[in-house]
Amino acid sequence: MCLGVPGRINSLCEGELRTGKVDFGGVSKDVCLAFVPEAQIGDHVIVHVGFAICRIDEEQARTTLEYLDRMGELAELRRPVAP
Amino acid sequence: MKYVDEYREARRVRALAAAIHGETTRDWRIMEVCGGQTHAIVRFGLDQLLPRNLTLIHGPGCPVCVTPLELIDRALAIASRPEVTFCSFGDMLRVPGSTTDLLTVKSAGGDIRIVYSPLDALALARALPDREVVFFAVGFETTAPANAMAVVQAYREGVANFSVLVSHVTVPPALDAILSSGGNLVQGFLAAGHVCTVMGYEEYHHLAAKFHVPIVVTGFEPVDILEGVHFCVRQLEEGRAVVENQYARSVRPEGNATARSLIDEVFETVDRPWRGIGVIPGSGYRLRSRFQAHDAGLKFAVEKFVAVEPKECMSGSILQGQRTPHDCPAFGIRCTPESPLGATMVSSEGTCAAYYRYARFATGSSTCRVCEVGAAT
Chain A
1 MCLGVPGRIN SLCEGELRTG KVDFGGVSKD VCLAFVPEAQ IGDHVIVHVG
51 FAICRIDEEQ ARTTLEYLDR MGELAELRRP VAP
Chain B
1 MKYVDEYREA RRVRALAAAI HGETTRDWRI MEVCGGQTHA IVRFGLDQLL
51 PRNLTLIHGP GCPVCVTPLE LIDRALAIAS RPEVTFCSFG DMLRVPGSTT
101 DLLTVKSAGG DIRIVYSPLD ALALARALPD REVVFFAVGF ETTAPANAMA
151 VVQAYREGVA NFSVLVSHVT VPPALDAILS SGGNLVQGFL AAGHVCTVMG
201 YEEYHHLAAK FHVPIVVTGF EPVDILEGVH FCVRQLEEGR AVVENQYARS
251 VRPEGNATAR SLIDEVFETV DRPWRGIGVI PGSGYRLRSR FQAHDAGLKF
301 AVEKFVAVEP KECMSGSILQ GQRTPHDCPA FGIRCTPESP LGATMVSSEG
351 TCAAYYRYAR FATGSSTCRV CEVGAAT
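Order-wise, the sequence lines are chains A and B. The first sequence begins at 1 in my numbering and counts up one residue at a time. The second sequence begins at 1 in my numbering and counts up one residue at a time.
None of these hints come from the bench; they were simulated from the model. If you're wondering where the values come from, they're calculated on a predicted model, not measured in any experiment. The C-beta atom is built at its ideal place from N, Cα and C for all residues, glycine as well.
If you only want the chain A side, here are some residues facing chain B, beta carbon under 7 Å, derived:
1) C2
2) L3
3) G25
4) V49
5) F51
6) I53
7) D57
8) Q60
9) M71
10) G72
11) A75
Using C-beta positions, here's what the derived DEER-type ranges look like:
12) B:P281 <-> A:D69: 38 to 46 Å
13) A:Y67 <-> B:V152: 38 to 46 Å
14) B:A301 <-> A:D69: 58 to 66 Å
Let the sequences and hints guide you as you build the complete structure.
Set out below in structure tokens:
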């Protein structure tokens with residue numbers, strides 16, 4: 001029910017209600033962007049029932065993945081070497 | 001797809017599972033709050049990667065499941081009226097009321113439409129000025145801004161034939177109720193990432209402190225969920241109980257201010273019954289009096305329903321994590337998604353429905369579908 005799908009803003013329409021076309025892996029849909037006034041073309045947003053509920057913070061996303069990958073590499077280093 | 005594929009990579013899932021194994025020394029029980037998380041855990045078999053002494057308890061976070069039977073009956077009565085075009089998200093259509101469901105009303109000639117967004121229902125009301133268009137506004141805080149926007153637009157434009165039947169519930173009071181219950185088993189929470197995207201997580205600091213329980217705001221992909229579990233286990237092992245944010249790419253501490261202010265403008269807090277649990281104080285929304293003209297509950301006065309739940313159903317205990325579907329003799333036999341007895345089987349995000357769909361007919365009967373690893377040892 002609280003499903004949110006990430007997509008990329010491809011175009012904006014600044015009417016009474018801010019909307020835009022958002023691309024979800026090749027599928028384009030009209031999305032209400034009234035709750036993400038800061039989001040611009042090229043930004044990724046999370047969309048729930050036709051509304052973007054946030055702009056995805058790319059910096060935060062990158063930090064998390066880099067942390068995870070460092071953790072994975074460390075685990076590899078700690079693994080005992082096969083005889 | 002960006003922001004999906006990288007959170008499903010097997011190497012990252014394996015690294016997190018290894019870290020959780022390395023740090024879990026005692027028995028712990030963690031509840032994932034959101035039905036979307038439950039669905040992902042069972043779909044990908046993520047619980048099969050965890051140490052045996054770490055149990056994931058599936059929470060009450062499916063708004064379809066917890067919508068009271070009385071309200072479903074009320075929706076059915078409104079949807080059956082000849083002047084009404086009744087709009088709903090698809091997952092409400094098969095939810096049974098006391099005697100029927102929306103799909104059956106539709107097949108008997110009721111004008112029932114599935115919509116993707118509440119704005120689609122509003123557009124329908126503009127296009128059909130001679131019809132009464134009613135939208136079944138079900139959901140948690142995630143969906144509330146969208147439903148609020150539809151109401152505000154209708155109010156501003158004077159679309160008098162548009163109304164909403166509000167069935168909104170909110171998460172923090174439910175967590176308080178679970179932790180306050182005598183039979184509580186939950187020692188840590190994965191909070192619902194999209195609820196917190198809208199509302200932020202400032203309200204949760206109080207719960208973490210009051211009940212000394214770690215709360216980790218968590219996303220929905222396999223890597224998100226395992227990282228949320230990892231953060232939670234680390235806190236439990238170290239004896240800490242604070243709010244952490246695993247889902248920082250989406251969730252800010254204060255949430256989405258624009259969306260929150262619209263919720264405040266349109267809704268006020270009320271006590272709400274949850275199907276299978278009972279009344280939880282301050283856990284629901286209703287329209288403020290200014291928007292009464294768009295309240296379908298007032299517009300279509302129907303007699304008060306007294307709905308009776310099947311006695312055999314134990315969904316109340318399952319919603320609170322005190323039992324699992326395997327404890328229920330009716331599971332998969334007398335209770336299936338086609339013919340559900342109660343709350344947790346009615347929607348695809350309900351615990352029983354997720355177990356049924358992904359063939360969990362016995363404990364530990366699955367493998368992780370991300371990295372094809374069998375039941376954890």
